[in-house]
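Sequence lines, in order, name chains A and B. No gaps in the numbering here: position 6 of the first sequence is 5 in numbering that gives the first Met the number 0, and each next residue is one more. No gaps in the numbering here: position 133 of the second sequence is 132 in numbering that gives the first Met the number 0, and each next residue is one more.
Calculated directly from the structure, the hints in this document are not laboratory data. Please note that a few of the clues may not be correct.
[Unchecked claim] Chain A residues, not near chain B, derived (Cβ > 12 Å throughout): (1) L42; (2) G43; (3) I86; (4) L93; (5) K153; (6) E155; (7) G169; (8) I206; (9) T216; (10) Y224; (11) L225; (12) M228.
[Claimed, not checked] With beta-carbon atoms standing in for the labels, derived distance ranges: (13) A:G43 <-> B:D63: 35 to 41 Å; (14) B:E71 <-> A:G128: 26 to 32 Å; (15) A:I102 <-> B:T95: 38 to 44 Å; (16) A:G43 <-> B:E118: 44 to 50 Å; (17) B:G31 <-> A:T117: 50 to 56 Å; (18) B:E98 <-> A:V215: 54 to 60 Å; (19) A:Y138 <-> B:G58: 57 to 63 Å; (20) A:M229 <-> B:D116: 51 to 57 Å; (21) A:E32 <-> B:D63: 32 to 38 Å; (22) A:Q17 <-> B:K34: 48 to 54 Å.
[What the hints assert, rightly or not] A partial selection of chain B residues facing chain A, derived with a Cβ cut-off under 10 Å: (23) P16; (24) T18; (25) V27; (26) E29; (27) F135; (28) Y136; (29) A138; (30) G157; (31) Y164.
Ideal Cβ positions, reconstructed from N, Cα and C, are used throughout, including at glycine.
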Amino acid sequence: MMELYGHFMQQLVMYQYQINSYISQTIRSLNDENSFTTSLLILGIAFLYGLVHAIGPGHGKALVAVYFTSNKSDYKKAFKMGYLISIIHAISALVFTFGIFLILKTMFRRHFNELSQTTMIISAVMIIGVGLYLVYEAYKDKGKIEKKQKVKTKSEFAVAFSAGIVPCPGVMTIVLFNIVLGHYFLGVAAAIAMSIGMGLTISLAGIFSIAINKKVTTKLEKKTYLLEMMGGVLIVLLGSFLLLGAMGGHHH
Amino acid sequence: MKIFVLLFLTSLLFAHPHTFIDIYPDIVVENGKIKKLHLTWKIDEMTSSMLLMDVDSNGNGKIDKNEEKNIEQNYFNTMTDYDFYTYIKVAGKKVTLPEITHFHAFVEKNKVCYGFDFELHTNAKETSLEFGDSDFYIAMVLKDEFVKVKGAKAKVTGVDNDFYYGYRLEFK
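Generate coordinates for the entire structure from the input sequences, incorporating the hints supplied.
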């Protein structure tokens with residue numbers, strides 16, 4: 000199983016390796032004569048890149064998976080959540096990239112790394128908070144069968160926000176590469192295309208988890224609050240792991 | 000189910016590669032011993048453009064001597080903490096990383112390249128080199144066609160290290 004997983008991950012890395020090289024060459028080949036078709040091609044590749052990129056680790060999929068495995072929901076919600084995360088992901092990447100580029104201009108890479116560590120710590124703390132909140136809500140409502148919609152929407156937004164706030168370095172890199180070559184508009188469009196791709200993958204992780212939840216909750220019947228609580232605890236653990244990782248690891 | 004959760008948990012802890020480095024080894028073996036072990040790292044275009052923003056202070060698209068010094072001190076040497084993503088085994092045992100000499104940096108086809116030597120002069124057949132980033136942040140890529148060896152034959156294989164994948168270079 001582990002070996003299979005390793006090969007799968009390596010295959011993903013190699014796909015990204017190829018796409019990464021293809022997209023940078025295509026962006027560089029952009030000129031006045033081919034600008035429309037090449038721009039479309041670049042956006043297409045960016046979408047594909049996002050799709051493959053988000054299959055790899057991170058991007059809040061674990062959080063989405065745990066949340067939907069432990070909270071009753073429907074498939075539409077998973078799509079909403081996936082796209083909410085990717086929208087926040089894209090905005091955060093665009094704001095940070097343009098911010099660093101316009102304000103600081105230089106030492107991009109160094110700031111880039113400090114910044115991703117800071118946002119990772121903020122995200123981890125928020126995830127712990129969301130987990131605690133979910134445990135509290137599950138405990139408070141343990142008698143009730145159906146939860147209030149308002150509480151659910153609130154917690155769903157919190158899950159999406161805490162996962163999406165860490166800007167995706169992959170998106171930031173593409174945006175910056177475009178900016179450096181003077182393609183400001185294309186940079187923003189590529190970030191959006193890539194995020195749509197990532198949103199699809201994250202949504203699929205949610206749908207997969209809802210399918211699991213449907214199987215489990217029919218067995219548990221009225222004790223779904225136990226599952227919700229477990230989910231909350233798991234999310235707290237997840238956040239703690241992330242926090243440790245973010246504080247310990249320094250990238251370069 | 001357990002494995003499923005475990006996979007998600009562990010995969011979340013690891014970042015995924017955003018930087019891709021091609022490794023071009025240039026090795027000379029004499030009388031069975033490694034005489035020269037030179038590596039050239041070619042960094043992907045996108046990361047290279049970010050790197051150039053930082054280090055190409057006069058903006059001429061080239062790396063000058065003082066810019067090279069800056070790269071060596073502030074970028075290259077910081078990778079000591081990661082053993083330069085290189086793990087060397089002699090007779091099956093992992094050895095501490097040998098001294099690195101002759102560092103130079105240049106730009107080739109929009110890619111920033113680092114060249115350097117490992118001062119390793121061991122028996123070639125007993126020596127193997129592995130490349131990979133256990134943090135999963137950088138993808139080190141080694142292909143057969145990247146390798147240049149004189150005086151011996153090289154073999155490149157993939158290595159599965161549970162949560163990251165690497166490449167091994169051996170001699171025959």
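Exercise. Can you let me know if the beta-carbon spacing of A:E32 and B:D63 is within 32 to 38 Å?
Key: The hint (32 to 38 Å, Cβ to Cβ) holds, given that A:E32 and B:D63 are roughly 35 Å apart.
Quiz item: Any Cβ of chain B at or closer than 12 Å to A:L225, or is the non-interface label fine?
Solution: holds (16 Å)
Quiz item: Does the CB of B:T18 sit less than 10 Å away from some CB of chain A?
Solution: holds (9 Å)
Exercise. Would you check whether the claim that A:L93 is not at the interface survives, using Cβ distances to chain B and the 12 Å cut-off?
Key: Per Cβ check, A:L93 is outside 12 Å of chain B; nearest 16 Å; holds.
Practice problem: Classify the label on A:K153 as holds or violated, using whether its beta-carbon is more than 12 Å from each beta-carbon of chain B. | Solution: holds (23 Å)
Quiz item: CB of A:I102 to CB of B:T95, is that within 38 to 44 Å?
Solution: Roughly 42 Å apart at Cβ, these two residues keep to the hinted range, so it holds.
Quiz item: Should the hint that A:G43 and B:D63 are 35 to 41 Å apart at their CB atoms be regarded as holding?
Solution: holds (39 Å)
Quiz item: Measuring from beta carbon to beta carbon, are A:M229 and B:D116 in 51 to 57 Å?
Solution: holds (55 Å)
Self-check item: Per-residue hint verdict: B:V27, partner chain A, C-beta under 10 Å
Solution: Constraint on B:V27 not satisfied, violated at 29 Å.
Quiz prompt | Assertion that A:G43 lies outside the chain B interface [Cβ separation over 12 Å] | solution = Consistent with the label, A:G43 stays out of reach of chain B, its closest Cβ about 18 Å off (over 12 Å).
Quiz prompt | Beta-carbon spacing of A:G43 to B:E118 - inside the hinted bounds 44 to 50 Å or not | solution = 47 Å Cβ-Cβ, so the 44 to 50 Å window holds.
Exercise. Could you check that no beta carbon of chain B comes within 12 Å of the beta carbon of A:T216?
Key: holds (14 Å)
This entry does not satisfy hints 7, 14, 22, 25 and 26, going by the numbered hints stated previously.
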